[in-house]
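> Sequence:
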Amino acid sequence: MTNSQQYQTLPTAILNAAEQGDRWLQASELKAFSNFFQSGEKRLAVAKVLTDRSDEIVAAAGDRIFYGGSAMAYLERPPNRVHLPGYTPFPKRSDARSKERLKLEVPKTGDALRRAREFLRTQLSQDRDPVPDGFRRINIRRYGEVRMKRSMRDLSWFLRYITYAIAAGDCSILTANVEGLRGVIPEDVTEATIVALGEMRWRSLRFSRTMPKRSR
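Letter 135 of the sequence shown, counting from 1, is numbered 1454 in this note's numbering, and no numbers are missing.
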C-alpha cells in the first residue's frame, strides 16, 4: 500500500506541534504566526510573479542545457482543469489590472524586443551562476523526444512546487515530493539538472526583484 505524500503549511506545523505536546502556543510560535500573516501578501505576490513568468523561466533553463532546437516545444501542457471539482483559480487583483496586463501582452513586436533585451541582459549579467568546468549542453535531436518531454516536464514541476512552498510559507511540500528523485533522474544528466535549476533560481530572483514595492 502506498501512502500519499504529506506536507504542511507553517500554521498547521505549529499547531500540530503544540497539540502533540498538549501545551499552549509559545511566544516564539505566536511570533511565527504573526510573521506568516504579515508576509502573506508578499509571498502570494512572489508566487504570482513566478507563475506568470513560468514559461520564461522554464524556457531559460531548457536553453541553458539543450541546443539544436526549441526545448519548450517538448513541454506538454497539463490538462485544462477550469471548472473541474477542486479547481481554485489564482485570486485576481482587479479587472483593471487584468485588462492592463492583457493589453501589454498582445503586441508581438514588443514581445520580440523584450526578449531580445532580456537576452542581452542575460549575456552581460555578472551575477549569473557559471556552468561547471567541462559541462556540455545536450543535443535535442540525440537526446530524443521521450527524454526531452520528461526533462521539460520535470523542470516545470520543480518550479511549480517551489511556488506551492512559497505560498504555503513552508518547504515541507518540497521535502515530501523530492524523495525518490535520485532514482528518477538519470546519473548522466544530473549535472545538467543542477545547471538548469541554477538558471531557474537566477531568473526567478531577477523577476522577483522587479516587483513593485508596496507602501504600508
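These are calculated hints, taken from the structure and not from any lab test.
Predicted model, so just to flag it, every value in this text is computed and none were measured.
Among these hints, one or two may not hold up.
Taking lysine-lysine pairs in the DSSO-like style, the calculated list, with each CA pair at most 30 angstroms apart, reads [unchecked claim]:
no., residue 1, residue 2
1, K1367, K1350
2, K1350, K1361
3, K1468, K1367
Computed Cβ-Cβ distance ranges for the label pairs, DEER-style [unchecked claim]:
no., residue 1, residue 2, range
4, S1347, R1456, 22 to 28 angstroms
5, Y1483, N1354, 15 to 21 angstroms
6, R1461, S1347, 52 to 58 angstroms
7, N1458, F1356, 48 to 54 angstroms
8, N1335, N1458, 25 to 31 angstroms
Cβ coordinates follow ideal geometry from the N, Cα and C atoms, glycine included.
> All the hints need checking, so say for each whether the structure fits it.
Each hint tested on the structure:
no. : hint                               : in the structure
1   : K1367 to K1350                     : holds, 26 angstroms
2   : K1350 to K1361                     : holds, 18 angstroms
3   : K1468 to K1367                     : holds, 25 angstroms
4   : S1347 to R1456: 22 to 28 angstroms : violated, 47 angstroms
5   : Y1483 to N1354: 15 to 21 angstroms : holds, 19 angstroms
6   : R1461 to S1347: 52 to 58 angstroms : holds, 54 angstroms
7   : N1458 to F1356: 48 to 54 angstroms : holds, 49 angstroms
8   : N1335 to N1458: 25 to 31 angstroms : violated, 49 angstroms
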